[in-house]
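Hey, can you work out the whole structure from these sequences and the hints?
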Amino acid sequence: MSEIHLPASGLAEEILPRYKEKKRDLHLVTFNLGEEYGVPIHQVQEIIRVSGITMVPNSPSYMEGVINLRGRVLPVLNLRKRLKLTPKEIGKASRIVVAEAGDKVIGLLVDAVSHVIKVAPEAVESAPEEVLEIDTDYITGVGKLKNRLIILLDLEKLLRRENIEVAGVTDEGGEHGKED
Amino acid sequence: MEYSELVKDFLDDAGGHLGVFDSALLSLEKNGYNNAVVQTILGPLHTLKGNSGMMGYESMKAYIHQVEEVLKKVVDGEVPIEQVIDALLDSANVIREVLQTIGKDPSANPDLTQNIFLIRERLKGPDGKTSRKEIDLSSYLGAKTETIKVDFKRFDDLLNLVGELVIYKTRLNQIETQMRGAIGNKSLSKELSGGLELMGKTIAGLQEGIMKARMLPVLHVFVKFPRMVRDLARLQEKEIDLVFEGEETELDKTVIDEIEEPLLHIIRNAVDHGIEEAGERAVKGKGHRGVITLSAAQESNYVIIRVRDDGRGIDFDRVRETAVSRGLIKSDEVPGKEELVSLIFAAGFTTKKETTEVSGRGIGLDVVSKNISKLNGQITVDSVPGKGTTFTIKLPLSLAIIPALMVEAGDEVYAVPMSAVDESIKVREEDIHIINNHEVIRFREKVIPVVRLDTFFNISGKRRNRFYLIILGRAEKRLAVAVDRLKGQQEIVIKPLDDTFGKSFGIAGASVLGDGRIVLIADVVAFWRETLGRRNGGIYEGDNFAPRVAAIHEREQEV
Chain A
1 MSEIHLPASG LAEEILPRYK EKKRDLHLVT FNLGEEYGVP IHQVQEIIRV
51 SGITMVPNSP SYMEGVINLR GRVLPVLNLR KRLKLTPKEI GKASRIVVAE
101 AGDKVIGLLV DAVSHVIKVA PEAVESAPEE VLEIDTDYIT GVGKLKNRLI
151 ILLDLEKLLR RENIEVAGVT DEGGEHGKED
Chain B
181 MEYSELVKDF LDDAGGHLGV FDSALLSLEK NGYNNAVVQT ILGPLHTLKG
231 NSGMMGYESM KAYIHQVEEV LKKVVDGEVP IEQVIDALLD SANVIREVLQ
281 TIGKDPSANP DLTQNIFLIR ERLKGPDGKT SRKEIDLSSY LGAKTETIKV
331 DFKRFDDLLN LVGELVIYKT RLNQIETQMR GAIGNKSLSK ELSGGLELMG
381 KTIAGLQEGI MKARMLPVLH VFVKFPRMVR DLARLQEKEI DLVFEGEETE
431 LDKTVIDEIE EPLLHIIRNA VDHGIEEAGE RAVKGKGHRG VITLSAAQES
481 NYVIIRVRDD GRGIDFDRVR ETAVSRGLIK SDEVPGKEEL VSLIFAAGFT
531 TKKETTEVSG RGIGLDVVSK NISKLNGQIT VDSVPGKGTT FTIKLPLSLA
581 IIPALMVEAG DEVYAVPMSA VDESIKVREE DIHIINNHEV IRFREKVIPV
631 VRLDTFFNIS GKRRNRFYLI ILGRAEKRLA VAVDRLKGQQ EIVIKPLDDT
681 FGKSFGIAGA SVLGDGRIVL IADVVAFWRE TLGRRNGGIY EGDNFAPRVA
731 AIHEREQEV
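Line by line, the protein sequences are chains A and B.
Per the numbering used here, the first sequence starts with residue 1, numbered consecutively.
Per the numbering used here, the second sequence starts with residue 181, numbered consecutively.
In case anyone wonders, no lab produced these hints; they're calculated from the structure.
Check each hint, because a few of them may be wrong.
[Claimed, not checked] Cross-link-like lysine-lysine pairs, in silico, BS3-like; alpha carbons within 25 Å at most: (1) A:Lys104 to B:Lys667; (2) A:Lys104 to B:Lys683; (3) B:Lys554 to B:Lys667.
From a predicted model like this one, the values you see are computed outputs, not experimental measurements.
Below you can see the structure in the form of structure tokens.
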């Protein structure tokens with residue numbers, strides 16, 4: 001198990017491509033949301049600072065807004081809200097993880113990006129059933145490291161429409177979405 | 181389109197079909213019979229036959245028909261492919277030669293009777309001979325084509341790239357302005373601004389070039405209608421001429437694709453309800469043939485498409501009767517002409533029952549009105565009893581880059597497509613009145629509903645006493661959208677919003693401004709929906725926006 005620390009800026013553009021190639025290894029980008037979460041590194045395009053988010057009215061509450069990434073308009077998902085964690089203000093360490101999920105590219109708003117790590121497959125266990133609820137199948141497992149746990153997320157499942165709508169049921173915007 | 185251009189199109193097209201035919205034949209010759217390969221020939225050959233007939237090359241049409249017959253026999257297993265393959269290969273050459281002859285002289289109409297006779301002979305049995313006649317090598321190259329077929333998506337990608345280029349250029353301009361004061365070297369900063377200006381011009385040229393490449397003459401849509409009009413007219417025993425005007429006017433392909441259906445409904449209406457039977461026309465002293473004019477013209481950034489008929493005009497009494505009988509208006513209501521015109525666009529006005537009896541207009545016109553709004557366009561109707569009716573559609577030239585009015589509410593900036601905007605006025609808070617809990621304003625002797633942008637989009641911020649109203653038009657109806665400030669007009673590149681999290685009501689898309697900020701584009705259709713629910717009469721009940729309407733009704737009851 002090896003661990004690579006990101007540059008002080010937390011911007012991983014330079015070092016990410018090196019790790020993208022070896023897809024077979026379980027390479028993760030981990031980030032903090034109170035607990036440490038991780039997504040496969042090959043899904044991560046880049047990590048950017050938070051700025052210029054345009055709010056989109058009549059959209060689900062966990063939809064933070066849209067950003068301009070070199071001319072592309074990307075939706076940004078507030079991961080804390082999506083995972084129903086206590087919301088937290090955007091701070092200096094906050095980052096947007098630009099990730100691919102299926103054929104979509106989205107931004108994930110996180111408290112801070114921690115590491116790029118390599119986890120041996122045998123260190124990953126499925127999440128204990130007792131802590132899972134319905135609609136939490138986006139948690140694919142828990143990576144056990146020496147002194148900490150990393151919750152592994154499946155982005156595609158996180159974005160799946162039925163999940164989103166369950167999560168957004170109290171939200172007016174979500175309902176209008178269905179009309180169209 | 182000139183006739184010579186039609187011939188050019190025909191030849192380009194034919195060259196492609198012939199190419200498919202050739203390569204399939206070569207494969208058959210080499211690998212023997214293969215049903216899949218034969219099937220690939222039949223489509224192009226059939227198209228080529230049809231096109232030849234359409235262009236008046238009757239002999240060629242008959243010849244290709246004969247070739248098709250041969251292939252049919254092969255498919256049915258009556259004749260082995262080996263027996264006719266030479267004849268088929270010959271036939272490709274015959275077609276090639278004919279195309280070449282036409283290329284040199286479009287009025288030539290080569291007679292192929294002899295060839296038809298020959299190919300029939302060949303079906304009877306092998307004669308072991310291929311035609312020994314000399315071949316013209318250059319005929320294999322075909323005529324040089326001046327057009328290429330390009331997947332439309334490539335143009336979309338190019339346009340997106342140019343859109344980004346425009347954004348970066350604006351950014352550079354801003355940096356340049358900031359730098360001008362900061363650096364002491366005057367001649368250097370002059371050179372920079374000169375360079376930027378040149379780049380700006382080139383980018384503008386590039387953008388225009390790509391926009392042009394995406395354009396098609398509106399004739400592409402127009403040509404679909406003469407046959408429909410003829411058939412519909414014949415069915416109703418009417419005589420109607422469909423006349424084109426300005427059919428060379430060019431429109432972005434995306435718009436071209438979207439206007440077909442609205443035009444179909446309007447033209448159908450003109451045939452069904454506008455034009456009278458010949459007898460009735462004679463009594464009125466009109467020519468016995470009715471005329472429907474389909475015209476297009478460009479006016480600055482818009483295209484105006486008109487469907488004009490010289491028929492009986494809208495029978496407003498009948499529209500009123502129908503509306504009353506359908507419960508759309510009360511029997512003692514006397515709506516004005518404009519109100520009546522807007523009734524024909526109401527969804528409740530059209531039902532299956534309605535279309536069987538010839539009554540007021542209205543078949544599918546609600547759909548028309550909605551589609552036009554979706555395109556950020558406007559539709560208006562002008563009708564003179566006894567003289568005829570004109571439907572006028574105003575559309576943006578392109579759906580990708582549109583002029584937009586930038587407006588501000590609170591701290592948020594939104595873009596409103598200019599084509600939907602009639603005008604904007606400055607008002608005071610006192611000018612707004614409340615009727616039945618809804619805000620309205622008196623505008624040109626009419627009372628029109630007001631939608632507040634800040635309320636609509638949940639934007640917080642202090643309201644001012646003086647603000648602006650943007651007047652939107654849809655058919656004869658008007659609607660005012662209240663905003664804090666107007667920030668001027670600007671061309672914006674529309675980017676669709678990702679719908680991973682559902683579509684956001686009221687947002688048609690987004691655009692990136694020069695400073696990199698994203699501005700959201702307001703969906704004008706949503707404003708109309710917002711006001712739909714305010715009417716108690718229920719003429720909009722049939723509208724498929726029901727969920728939204730229902731929600732608003734509930735709110736009303738609570739109050």
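Outcome of the hint check:
no.	hint	result
1	A:Lys104 to B:Lys667	34 Å, violated
2	A:Lys104 to B:Lys683	15 Å, holds
3	B:Lys554 to B:Lys667	24 Å, holds
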